[in-house]
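Peer 1: Chain by chain, the residues run as shown.
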Amino acid sequence: MIKKEMIAMLLAGGQGSRLGILTADVAKPAVSFGGKYRIIDFPLSNCINSGVDTVGVLTQYQPLRLNTHIGIGIPWDLDRNVGGVSILPPYEKSTSSEWYTGTANAIFQNMRFMELYNPEYVLILGGDHIYKMDYEVMLDFHKASKADVTLATIPVPVEEANRFGVVITDEHKQIQEFEEKPEHPRSNLASMGIYIFSWSVLREALLKLKDQPSCDFGKHIIPYCHEQGKRIFAYEYNGYWKDVGTLCSYWQANMELIDLIPVFNLYEEFWKIYTKNELVSPQFVAEEAIIDKAIIGEASEIYGEVHNCVIGSGVYIAPGAVVKDSIIMSSASIGQNTVVDRAIIAEKAQVGNNCILGTGEDIPNRVKPDVYSFGLVTIGEDSIVPDNVRIGKNTAISGETVISDYPDGVLASGETLIKAGEKI
Amino acid sequence: MRAIGIVLAGGNSNKMRELSNKRAVAAMPIAGGYRSIDFVLSSMSNSHIQKVAVFTQYNAKSLNEHLNSSKWWDFGRKQGGLYVFTPTTTPKNSYWYRGTADAIAQNLDFLKNSHEPYVVIASGDGIYKLDYSKVLEYHIAKKSDFTVVTADVGGRDDPSRFGVIKTDADGRVTDFEEKPISAESTQVSTGIYIVRRRQLIELIEKAIDEERYDFVKDIVIRYKGVKRIYAYPIDLYWSNISSVESYFRTNMDFLDGKIRNYFFKEYPNVYSKVEDLPPAKYNWGSYVKNSLVSSGCIINGNVEHSVLFKKVYVGNNCSIKNSIILNDVYIGDNTHIENCIVESRDTIRANTNYVGEDGRIKIVIEKNERYAI
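Those protein sequences? They're chains A and B, same order as listed.
All residue numbers for the first sequence refer to our numbering, where the first residue is -19 and numbers rise by one.
All residue numbers for the second sequence refer to our numbering, where the first residue is 7 and numbers rise by one.
Simulated from the structure, these hints should not be mistaken for laboratory data.
C-beta atoms are modelled at their ideal positions from N, C-alpha and C, and glycine is treated no differently.
Where hints are given, some of them may not hold.
[Claimed, not checked] Listed next, with one range per pair, are the computed distances between beta-carbon atoms: (1) S76/A to R8/B: 49 to 57 angstroms; (2) N333/A to R162/B: 34 to 42 angstroms; (3) L242/B to N368/A: 51 to 59 angstroms; (4) Q154/A to S75/B: 43 to 51 angstroms; (5) V382/A to R8/B: 45 to 53 angstroms; (6) N333/A to G291/B: 24 to 32 angstroms; (7) G177/B to N333/A: 46 to 54 angstroms; (8) N333/A to R234/B: 37 to 45 angstroms; (9) E248/A to L242/B: 40 to 48 angstroms.
[Stated by the list, open to error] Computed list of lysine-lysine pairs in BS3-like fashion (alpha-carbon distance at most 30 angstroms, straight line): (10) K230/B to K(-16)/A; (11) K126/A to K256/A; (12) K210/A to K123/A; (13) K112/A to K84/B; (14) K77/B to K252/A; (15) K230/B to K148/B; (16) K264/B to K304/A; (17) K273/A to K256/A; (18) K(-17)/A to K188/A; (19) K273/A to K271/B.
[Unchecked claim] Computed footprint of chain A on chain B, listed as stretches where at least three residues anywhere in the stretch have a Cβ under 8 angstroms from a Cβ of chain A: (20) 38 to 45; (21) 296 to 308.
Start from the sequences and build out the full structure, keeping to the hints where you can.
Peer 2: Shown next as structure tokens:
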């Protein structure tokens, strides 16, 4: 009989609407990060580096990119005879059929997948953080504490603790109380949304709460286990852990990678991050190019100026272009003499010649001031920006735009230009 | 395609000077991210040749490491596969491969147990893209016994280090001279041949009986008057890297956008082993002009008209000019390198000066303790 000590369930079905047009066509875990990676590469690489070789990836929102990226798991060595990676979309059942209505509900609907591997422990992961973590160490802690449930937690500054779910523990790290976004936090240990469950405890809780609408780990399963007197422990993690849930935090996390010695170092031999990449050809830096601080992916061709940028694979930056403080994702291109300042330009987007991006006043976005902020220009995947336009700050552009979409050749600060109607 | 592939990658070349101390020519790193053998293997894979044998002998450690999985070139299939044949002793034979024909002879079962009617034979030191099925069409149309793919190296390389070929108007080979003292033509053999499998088995068996062991000299050239040998000219990029000068020039060729585009952007692709390296990193103070930079590099200094292979670290205030830095090299601060090939895994101390003088490429081999990066 198949026996896996611990399997992982990776929740990758969320949209991540605070990333705006970046997640118009792809689920958040499939958004690129750090030039050549995608966000989901980090938990997947953590799994294989921790010796977890059986991973269920639960998909729901816009799964195409995730499916093609993960495939049969070859880049992460997750193509296994027994185990490996399985993509788990919602499915139709004879009695009912429903979408995944909550994080725990999604896991519940895949009960049979988990039973197949007869695990002792189940690791629950999200697909929206950048970090390197050894889940095996966390499992050791779980075992040593004789815990039923272990939450990964990270110390956060007390003044920020009110943005998180914090836990209050005793001296053995056993959790006494939970506080969700407390006004006056009594602890600075924030939950990272990473759980290890002893399988019998998880199974019992999922079955008990199967009729709970939108059943969620944080809101229902953990409180239920707490009520039942289960032993819940907090594993303290002290490494780099970065939420990339908003355009601002996404931009910052990318920019941190280009520091002289980044806090999150991709250049260490140990704990490699794996990703699917077909391109192995080198990048070309032309005679007229100037690059002073950047990371640049494979097969990119740089003819213009690049200052403080994260540039993906297969990017083209034309002669005379000046790109500053920006993220240019794979296969995007920037036209001649175009100036780009603080922008996020998604995959395969084409920006024309003689444009200016990120100019003018810092006016909040009219439609979604909380999404498109921080002065950023955000250009969606496959979008086209015509020649000779000026684009302001806190703007978003998606679709194949033409010059007539820009009155007087200008998209003022705070405006949003979404061409294809369904893309929001 | 109705052919199997044989890649002859066992050879050494003294024209590679110190570079061949480390590895077989077929394992030489090319254009930042590749190895020489990737080009022939990718062309075979892209021509739908499914079963390929690589013969290795000389200094094969790097090569075997590179070929540790067949999946990079998509050969890991139930039908076919990638076979690596190194010499082994058997009750019947205790020799190394005494030549290319002997290498094939010692593994003749590979040919006998295949059912594909044709064999494509190629070497591991050519840089090109070729659809072998086009060559096979030509081979069949000409009712040829041997088809040899030829290239014109006029003005670019010295023909006398190749097999020099002359043909008649129909393309039939009238003269084939291996490494002549003075070449009368600039058309040379690329080391790529197509031959019918049964014919090859027959000729190899005969050659071994006569104690002849070289495929080109003892089979192709020896039979040139008897068999129909045709030349298939390759008119796109082809380069052989088996000398330091041509190796250097071939790598520098990739600074040309047209050549880069041809190999890396146009379909079909060239495949290589994926190493999961992070993007290249340019720190404050880096100054890079007209250069190729591969993943995993960290650059702090000046790099001009050079090719940096994977995982090269360039220290502060360095100046790298007209040079090739192979994989995993650490270059300490204030170092000047010009007209050099720096051997892989070198660690070069700070304040070092290496310059290749009088148009001669200097090969730098320096194995220091690598201190903290």
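Peer 1: Against this structure, judge whether each hint is valid.
Peer 2: Now the hints, each set against the structure:
1. Separated by about 54 angstroms at the C-beta atoms, S76/A and R8/B satisfy the suggested range of 49 to 57 angstroms.
2. Taken as a hint, the range 34 to 42 angstroms holds for the pair N333/A and R162/B, whose Cβ atoms sit roughly 37 angstroms apart.
3. Checked against the hint of 51 to 59 angstroms, the C-beta distance between L242/B and N368/A comes to roughly 38 angstroms, which is inconsistent with it.
4. Between Q154/A and S75/B the beta carbons are some 47 angstroms apart, a value that agrees with the proposed interval 43 to 51 angstroms.
5. A beta carbon spacing of about 51 angstroms between V382/A and R8/B agrees with the range 45 to 53 angstroms that was offered as a hint.
6. Checked against the hint of 24 to 32 angstroms, the pair N333/A and G291/B passes, with Cβ atoms roughly 30 angstroms apart.
7. Judged by the Cβ atoms, the range 46 to 54 angstroms given for G177/B and N333/A holds: they are separated by roughly 48 angstroms.
8. In this structure, N333/A and R234/B break the distance hint of 37 to 45 angstroms, their C-beta atoms being roughly 56 angstroms apart.
9. One distance hint, 40 to 48 angstroms for the beta-carbon pair E248/A and L242/B, holds here, with the actual separation near 41 angstroms.
10. Restraint check for K230/B and K(-16)/A: not satisfied, since their Cα atoms lie roughly 64 angstroms apart, outside the 30 angstroms limit.
11. This hinted pair does not check out: K126/A and K256/A have alpha carbons roughly 38 angstroms apart, beyond 30 angstroms.
12. As the CA atoms of K210/A and K123/A are separated by approximately 14 angstroms, the hinted pair is consistent with the 30 angstroms bound.
13. Pair hint K112/A plus K84/B does not hold up; C-alpha atoms about 37 angstroms apart against a cutoff of 30 angstroms.
14. Annotation: proposed proximity of K77/B to K252/A holds, straight-line Cα distance about 20 angstroms (limit 30 angstroms).
15. Among the hinted pairs, K230/B with K148/B is consistent with the structure: their alpha-carbon atoms are about 15 angstroms apart, no more than 30 angstroms.
16. Restraint check: the Cα-Cα separation between K264/B and K304/A comes to about 28 angstroms, which is no more than 30 angstroms; the hinted pair holds.
17. For the suggested pair K273/A and K256/A, the alpha carbons sit about 25 angstroms apart, so the restraint of at most 30 angstroms is met.
18. Restraint check for K(-17)/A and K188/A: satisfied, since their Cα atoms lie roughly 25 angstroms apart, inside the 30 angstroms limit.
19. The straight-line distance between the Cα atoms of K273/A and K271/B is roughly 26 angstroms, inside the 30 angstroms bound, and the hint therefore holds.
20. Counting residues of the region 38 to 45 of chain B whose CB lies closer than 8 angstroms to any CB of chain A gives 3, which reaches the minimum of 3, so the coverage claim holds.
21. Check result for the region 296 to 308 of chain B against chain A: holds, 8 residues qualifying (beta carbon to beta carbon below 8 angstroms, three or more required).
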